[in-house]
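The listed protein sequences correspond, in order, to chains S and Y. Each residue of the first sequence is one higher than the last, beginning at 15 in my numbering. Each residue of the second sequence is one higher than the last, beginning at 1061 in my numbering.
The set of hints was computed from the structure by calculation and includes no laboratory data. Ideal placement from N, C-alpha and C gives every residue a C-beta, glycine not left out. A portion of the hints provided could be inaccurate.
Cβ-to-Cβ under 10 Å is the rule here; a few derived chain S residues that face chain Y [stated by the list, open to error]: (1) Ile37; (2) Val41; (3) Asn84; (4) Ser109; (5) Ser110; (6) Ser111; (7) Arg115; (8) Gln125; (9) Val126; (10) Lys132; (11) Pro133.
Within a straight-line C-alpha distance of at most 35 Å, the following computed DSBU-like cross-link-like pairs (lysine-lysine) qualify [what the hints assert, rightly or not]: (12) Lys1101/Y / Lys1153/Y; (13) Lys102/S / Lys1399/Y; (14) Lys45/S / Lys62/S; (15) Lys1596/Y / Lys141/S; (16) Lys39/S / Lys1596/Y; (17) Lys1403/Y / Lys17/S; (18) Lys1312/Y / Lys141/S; (19) Lys35/S / Lys1735/Y; (20) Lys93/S / Lys1739/Y; (21) Lys1312/Y / Lys1212/Y; (22) Lys124/S / Lys1704/Y; (23) Lys1739/Y / Lys124/S; (24) Lys35/S / Lys1399/Y; (25) Lys102/S / Lys1704/Y; (26) Lys1567/Y / Lys45/S; (27) Lys1735/Y / Lys93/S; (28) Lys1699/Y / Lys93/S; (29) Lys121/S / Lys1596/Y; (30) Lys35/S / Lys1596/Y; (31) Lys1596/Y / Lys17/S; (32) Lys124/S / Lys1735/Y; (33) Lys1699/Y / Lys35/S; (34) Lys121/S / Lys1739/Y; (35) Lys1608/Y / Lys35/S; (36) Lys1704/Y / Lys93/S; (37) Lys62/S / Lys1735/Y; (38) Lys1101/Y / Lys39/S; (39) Lys1403/Y / Lys1431/Y; (40) Lys1739/Y / Lys62/S.
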Amino acid sequence: MKKVETCCIIDDDPIFVYGTKRIIKEVDFAKSIIVYNNGQDALDGLMKICIANEPLPDVIFLDLNMPILNGWQFLDEFKDCRSPKSKKIVIYIISSSVDPRDLERVKNYKQVDTYILKPITPDDLAKILGATVES
Amino acid sequence: MKTLAVDFLLKESPNAIAIVDTKLNYISYSNQWQEKFSLSKTDNVNNNLFDSIIETPIFFKNAVNYGVEGKEHTNHGQKFILPNGKLQWLKWKIIPSTIERHGFDGAIIFLEDITVEQKEIELLHKAEEVARIGCWELDLLNNTVYWTKTTKDIHEVNHDFVPNLEEGINFYKEGIYRDKISYLVSTAIAEGKPFDTELIIVTAKGNEVWVCAKGEVEMLHGKAIRLVGTFQDIDERKKIEIAHQQISERLKITTQTAQIGTWNYDLISNDLKWDNEMYRIFDVKENQFSGAFEAWSSTVHPDDKHRAILATKEAIDGIKDFDEEFRIVLQNGSIRHIKGLSKTIKGINGKPIKMTGANWDITELRSTEFKLARSTKSFTETFEHSAIGMALVSPDLKWLKVNKSLCQSLGYSEEELLKINSTDITHPDDLLGSHSYKNKVIEGDKVNLQFQKRYFHKNGHIVHAVIGATPVKDINGNLSHVITQFLDITSRIESQNKLETLVEVTKSQNESLTNFAHIVSHNLRSHSTNMTMLTKFLNEEEDEDERKNLNRMITSATESLSETIAHLNDVVQVKTGALENLQSISILNTINQITKSINGLLEEQKATLTIDISKSHFVNAVPAYLESIFLNILTNALKYSSPKRTPSIEIKSRIKKDNILITFTDNGQGIDLNKHGDKIFGMYKTFHKHKDAKGIGLFITKNQIEAMSGIISIESTVDIGTTILIELKQS
Chain S
15 MKKVETCCII DDDPIFVYGT KRIIKEVDFA KSIIVYNNGQ DALDGLMKIC IANEPLPDVI
75 FLDLNMPILN GWQFLDEFKD CRSPKSKKIV IYIISSSVDP RDLERVKNYK QVDTYILKPI
135 TPDDLAKILG ATVES
Chain Y
1061 MKTLAVDFLL KESPNAIAIV DTKLNYISYS NQWQEKFSLS KTDNVNNNLF DSIIETPIFF
1121 KNAVNYGVEG KEHTNHGQKF ILPNGKLQWL KWKIIPSTIE RHGFDGAIIF LEDITVEQKE
1181 IELLHKAEEV ARIGCWELDL LNNTVYWTKT TKDIHEVNHD FVPNLEEGIN FYKEGIYRDK
1241 ISYLVSTAIA EGKPFDTELI IVTAKGNEVW VCAKGEVEML HGKAIRLVGT FQDIDERKKI
1301 EIAHQQISER LKITTQTAQI GTWNYDLISN DLKWDNEMYR IFDVKENQFS GAFEAWSSTV
1361 HPDDKHRAIL ATKEAIDGIK DFDEEFRIVL QNGSIRHIKG LSKTIKGING KPIKMTGANW
1421 DITELRSTEF KLARSTKSFT ETFEHSAIGM ALVSPDLKWL KVNKSLCQSL GYSEEELLKI
1481 NSTDITHPDD LLGSHSYKNK VIEGDKVNLQ FQKRYFHKNG HIVHAVIGAT PVKDINGNLS
1541 HVITQFLDIT SRIESQNKLE TLVEVTKSQN ESLTNFAHIV SHNLRSHSTN MTMLTKFLNE
1601 EEDEDERKNL NRMITSATES LSETIAHLND VVQVKTGALE NLQSISILNT INQITKSING
1661 LLEEQKATLT IDISKSHFVN AVPAYLESIF LNILTNALKY SSPKRTPSIE IKSRIKKDNI
1721 LITFTDNGQG IDLNKHGDKI FGMYKTFHKH KDAKGIGLFI TKNQIEAMSG IISIESTVDI
1781 GTTILIELKQ S
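Just chain Y, with the same shape it has in the complex (with noise of 0.2 Å):
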């Protein structure tokens, strides 16, 4: 049989194929079996099969065995390990021969090594199951669905699971899913249109579960007999997907409603891209902005741009990410304060390559600022140097914060008022008002916003003063504290007292003057016409003891008009001028001194003197007014000294407040004050019938105490005695 013809189709046959005898010699080989199986280069053709092949499984030599005695033997495909650890694929098949079938006794041996091939395989169906991507088959012509182990895992249905179209197709998930795959593998069936789509699945247990699924179609005669694709998993994938699409979109949405500008700046390719915003912001048009960096550049406010580039030189240059607020200016010619914002990025080489960025306008924002230091400049100036006390008062009545004249009108320091609370040194007869006025201020009671009330200097002294309160609210609404002002009227409030009682003064002295006129007038009168009457009569008079009657009678009535006039005088110069001669007096001194003086008129009545005075009682006094009062006083008790009783006087002084006062009791006739009371320091007022009764002591007296701011007062019991009290102010 051993033709050349043969041997050459065998010799260059494509296949790995060896021809042996039944002793297993070579008879002959391709030489890609050479090439592939044997061991030696040279010719083997004789030599026994084993002697040169490669190192095979023991099945391929059984099989080989069982080949030259008779039995055909096919192995598709086998994985072998060889005994030296090598992995091996084998697949081969025998056939016996016969002298009479093919001309010889043995075998003809298809050997191949799918090792390679073997592995890409199974490196495949590694790789499918690691990627989540299975592979599935639609055979139109038997509809038949065949799914690969990644395909049924992604499912999640048993391996042994055997799907059709129709349940393949109820995987996805109701609704638009189940919807759109319908329709793309009908198309794909109708027009042989492949698909590429994302959806959802449902699988067996129940999970939802993104996935993309890729059909191709195999046409045959323009129709479709198969469809073939893949099945990924991308279920991680898609929700980071979707998750970073939302996140994104919510971006979008803040930015703009932020009126934040974002900005890409691609260093490679020297491309800066805006957002709308960024327009917005920056006032121009997207279309003027040919040169990225030039045009915004251009925006910027001359005294701002040197430092605004050299930040984004020091940005793109990766040193420092840009930080910056800087002023532009509009086309309208208007500034807008910008904040920017940068970060740059840097290649896997730590070259920066991109910049991102966002801008917004903070116009408002530092305008406001601006308005706000102002106004804080202003209040805080205005508080320190305000002419009136001003204060922040917390709700529980608190100094938190004082001025100067605060400070001053109390008498306090800074630090010593901000230990302390208001109410502390508040008067305790306006601590009620105070507190109510507190509670109108914190209710917003807009009608009572002015308090007068009084404080307590630091050294002890009444401050008036006049407060208005503004409530100042927190962010939440409560109360924070109160801005307090204040005024301090006490030097008003004195002067009001003083001029109260100046006004007091003029009117009684003013009274005084005018009974005092008439006074004068009746007086002088009386006298006038009792001479012109004694006169007329002394004319028309002949009898000559009557004449010597009537000329005493006009001596009597003349020296009756200089006494009066005399007496004037004295008023006269009482209600002129004391308070300037006021002095120092010692009380006791002058008591002793008048004592001496009228130490005869003592003696002669055999009167008791009791003197009870401190030797440190002073007063201050013009000291010709303090004899005269106390001359007249004592007088007075001699004169008007009760018949029945030997005269006791007993004068005593203590102190009252910022007076003394001097006290003169006698044991007189006394006077009835219900009748007289009103009238006992009138001028010529006389109530006893004494040959030397004038009625003008007492008001001479009243009117030089009074001249000297002092008070002069009487008690009186007829028939039991009468205290002459008198106050003058303490020196």
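In isolation and in its complexed conformation, chain S is listed as follows (with noise of 0.2 Å):
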């Protein structure tokens, strides 16, 4: 199985980053991992990413619930900063929230791929690699 080049992780939880990591590397689902605490600090680091002409995470897990800048206000940003020449990131959305205006909301961005219920599973991981080879 090809595993993804570069994941980030965007969540204010700490624990939930630290499992979530934990269960990356059990799957060995990507090679590397970026961590962001939230939304802002997630947008100004994949500015830099962008500017330095790196490469950009091939998958993002968004967190919703997170200060300063939440997911969807993140969401919003990003999309306007995405520069033509950028490949394709899949974003998926990973949230305690069962809030069904919050499953409803999700629609509205494209970039979203799916919702993810908290906590992160390796089926959704191997999942998700599943999806993102065969695209």
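Both chains come to you apart, so use the hints to assemble them.
Quick look at the structure:
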């Protein structure tokens, strides 16, 4: 199974980040992992990568409830600053929210692939990997 | 010549005759002479005529003297005023006599005193003039016409006017009058038929005069030879008669049309006469009506009989004219109201002789009056006792009459309201609407019959009312006044407003509850999933260091979970029952209390605090909430202070309508409200990288303020500072 080059986790919960990183390693999902603690940090970091012409992550795991810039705001801002030459980034929303309004809202973001309810499991990652490889 | 027979004849002659000799001594005289002219009652033969004669005019003496001298003298009647002033009419004839002719010398004297006859004739002429009755005569043999002076006067012709038949006829007014007289005269001539007619003539001066012409015919051998008659000026009487006739006719028509029955009661012959209208009103037939008075009294309603009969008796006795209203019972049992009036006419001796009166049916009037009274009464009662306000309003919007409900709604007494215009206490924003509504009502617009407007109550608060109006027109069709109904919907509007607020609050509370539920589920899930995940890792982990790390993380997750639950508890407590525990609290005292408790923090940051709060500012609040709010805001100001500046916080209060506005202004980091404005008071929303930022403080603060019916808002500029504005109800 081919693994993802770079995976990005945007979440303010250190325990979740720990757990996710651990599972990624377990299933050998990605070669490298970038972690940002909120939307603003992520936006800033990704911009920096973009400007430095370094490779952007292939997959982003995005939390919704975060301080400073939450998941939705990140999506709005990130859409605006993506350069045309950048490759396709698949974004997965990973959240504890079971609020139907959130599930509905996801449909407005085309760049979001799937809404995954926390906690993330090795099966989830395997599925993602399959889908990513197929595409 | 003196024979016994002649002497006897002379003596017994019906005329007064005296025979005298040339010396004027009586030869003989008739008894009539002796009786009428001789003063002496004894035999006067051989005495001088003038010795014993009554006083006679000098003309007579002369005539006698001439007579004995052989001159005949005749006087057909002459008026004399005697020296003693007495009026005398004498008529005489003196015939001279000679021996050769009559056997003696002297004269025969015929003397007649016609004073009495002449006086009568004179009186007759005078009477003719005064009575305006003239005479006329038509002599058919000579075909001449004779008119007396009065007849000429009536025709207004000169006294020397000599009429003929044709002229006489032509004085009658052309048409029916002339035709009539022609017919009557010719019939009289042809058939000897007398006539008596009243016609109009046109006088010589052109005046129209009513005359009465009467004619009698004198016949000879079955042929009319003469027509004589009278001619009377009856113009005045005739005109009065005609006028009377016209008035009577008119009266008859009037009484018939007005359905007024009239009656006459001859008290002397006890004869009561009704006209047809009376029979109609009393609903009896003329032949049914035998005993006049009894029939009338039998129809009168038993309850009114005593009074009516008493009044009738008084009228008959001439004490008081009848003027009563009474009821009668008709044959079919229905009741009719009658108004009766009478006048009693008294004779010369002052005794009542006649009564005349009128009756008319006032049933409809009575029933209309009754209905009107009932309608007026019911309107008045409705007006007075109506639960809704009612008023009569003049076209210039003055109150003419107001009821209790209206007074109550507006807080003014009736006297106060009647002194002012409705517009005086109308809300200024509704004045225009009131006027256009008034115009619509006057124009009779049936569509917009209701209008909602605001008044000011006497004590200043606003009264909401729905106005309904009905225009009332006067007899000329102009607007007299408007009946206004005034439905006070103030409490309805107030409760509606309250309800709307409540719905708004409920809606927002419901929304925040939904949010809260999701937040709770989200947070609880985060912690629980973390714990599940960590437990799973722990089970699989064999590395001791890593296990310790995992254990530490599980402990941290557990703590987070209990912290979250504690937050939730705080929030839930705010949500329930704050309004019941409101107290009047001094803002200044609370601020002082809080600043004392955070004195350490303030000193640590060298923060300056400016407090500008009036001692008199008190708010309705839950003490614990108010403390918590102030503490939260102040600690936030210190927590998010700018590292570039020494913190400076200014707290102010001022009155804003019924509320007190408290502002906290800091010079801290500020917050980008364009980015975060909608989430600033949200639960678990944090905007700064601060170790203690939990996203719960402002959420609870907002909930506490809203629980006390307050308002919180924020103004902020990044890197300049933040102002939190709080409004709470003043107490």
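Hints, one by one, checked against the model:
The interface hint given for Ile37/S is met, as the beta carbon of that residue sits about 9 Å from the closest beta carbon of chain Y, less than 10 Å. At about 13 Å, the closest approach between the beta carbon of Val41/S and any beta carbon in chain Y exceeds 10 Å, and the interface hint on this residue is violated. Interface restraint check for Asn84/S: the shortest CB-CB distance to chain Y comes to about 8 Å, inside 10 Å, so the restraint holds. For Ser109/S, the interface hint holds, since its Cβ comes within 10 Å of a Cβ in chain Y; the closest pair sits about 8 Å apart.
Interface restraint check: Ser110/S against chain Y, minimum CB-CB distance 4 Å, threshold 10 Å, status holds. This hint holds: Ser111/S has a C-beta 5 Å from the nearest C-beta of chain Y, less than the 10 Å allowed. The criterion of a C-beta within 10 Å of any C-beta in chain Y is met by Arg115/S, whose closest approach is roughly 8 Å, and the hint holds. At its closest, the beta carbon of Gln125/S sits 21 Å from a beta carbon of chain Y; the interface hint therefore is violated under the 10 Å criterion.
Residue-level restraint check for Val126/S is violated (minimum Cβ-Cβ distance to chain Y is 18 Å; threshold 10 Å). For Lys132/S, the interface hint holds, the least distance from its beta-carbon to any beta-carbon of chain Y being 5 Å, beneath 10 Å. Checking Pro133/S against chain Y: minimum C-beta separation of about 4 Å stays under 10 Å; hint holds. Of the pairs offered as hints, the one joining Lys1101/Y and Lys1153/Y holds, with about 24 Å between alpha carbons and a cut-off of 35 Å not exceeded.
Proximity of Lys102/S to Lys1399/Y is assessed by CA-CA distance (about 114 Å); at most 35 Å being required, the pair is judged violated. A hinted pair counts as satisfied when its Cα atoms are at most 35 Å apart, and Lys45/S with Lys62/S qualifies at roughly 20 Å. The straight-line distance between the Cα atoms of Lys1596/Y and Lys141/S is roughly 21 Å, inside the 35 Å bound, and the hint therefore holds. Using a Cα cut-off of 35 Å, the hinted pair Lys39/S and Lys1596/Y holds, with the two alpha carbons roughly 16 Å apart.
The hinted pair formed by Lys1403/Y and Lys17/S fails the criterion: a straight-line CA distance of about 136 Å is larger than 35 Å. A distance of roughly 123 Å separates the Cα atoms of Lys1312/Y and Lys141/S; the hinted pair therefore is violated under the 35 Å criterion. Proposed proximity of Lys35/S and Lys1735/Y is supported: the alpha carbons are some 31 Å apart, at most 35 Å. For the hint linking Lys93/S to Lys1739/Y, the alpha-carbon distance of about 22 Å falls within 35 Å, and the restraint holds.
Using a Cα cut-off of 35 Å, the hinted pair Lys1312/Y and Lys1212/Y is violated, with the two alpha carbons roughly 40 Å apart. Proximity of Lys124/S to Lys1704/Y is assessed by CA-CA distance (about 42 Å); at most 35 Å being required, the pair is judged violated. Taking the CA atoms of Lys1739/Y and Lys124/S, the gap is about 24 Å. The hint holds against a cut of 35 Å. Between Lys35/S and Lys1399/Y the alpha-carbon distance is near 119 Å, which puts this suggested pair outside the 35 Å criterion.
Annotation: proposed proximity of Lys102/S to Lys1704/Y is violated, straight-line Cα distance about 42 Å (limit 35 Å). Simply put, Lys1567/Y and Lys45/S have alpha-carbon atoms about 50 Å apart, too far for the 35 Å limit, and the pair is violated. Straight-line distance between C-alpha atoms of Lys1735/Y and Lys93/S comes to about 16 Å, which keeps the hinted pair within the 35 Å bound. In summary, the hint linking Lys1699/Y to Lys93/S is supported, as the alpha carbons are separated by about 33 Å, within the 35 Å threshold.
A hinted pair counts as satisfied when its Cα atoms are at most 35 Å apart, and Lys121/S with Lys1596/Y qualifies at roughly 33 Å. With a C-alpha separation of about 15 Å, the suggested pair Lys35/S and Lys1596/Y falls inside the 35 Å cut-off, and the hint holds. This hinted pair checks out: Lys1596/Y and Lys17/S have alpha carbons roughly 24 Å apart, not beyond 35 Å. A C-alpha spacing of about 22 Å is found between Lys124/S and Lys1735/Y, which places the hinted pair at or below 35 Å, so the restraint holds.
At most 35 Å may separate the alpha-carbon atoms for a hinted pair to count; Lys1699/Y and Lys35/S meet this at roughly 33 Å. Proposed proximity of Lys121/S and Lys1739/Y is supported: the alpha carbons are some 22 Å apart, at most 35 Å. The suggested pairing of Lys1608/Y with Lys35/S holds, with an alpha-carbon distance near 18 Å, which does not exceed 35 Å. A threshold of 35 Å between alpha carbons decides the hint, and for Lys1704/Y with Lys93/S the separation of about 34 Å falls inside it, so the pair holds.
The hinted pair formed by Lys62/S and Lys1735/Y meets the criterion: a straight-line CA distance of about 22 Å does not exceed 35 Å. Restraint check: the Cα-Cα separation between Lys1101/Y and Lys39/S comes to about 203 Å, which exceeds 35 Å; the hinted pair is violated. The hinted pair formed by Lys1403/Y and Lys1431/Y meets the criterion: a straight-line CA distance of about 32 Å does not exceed 35 Å. For the given pair, Lys1739/Y sits about 28 Å from Lys62/S by alpha-carbon distance, which is consistent with the 35 Å threshold.
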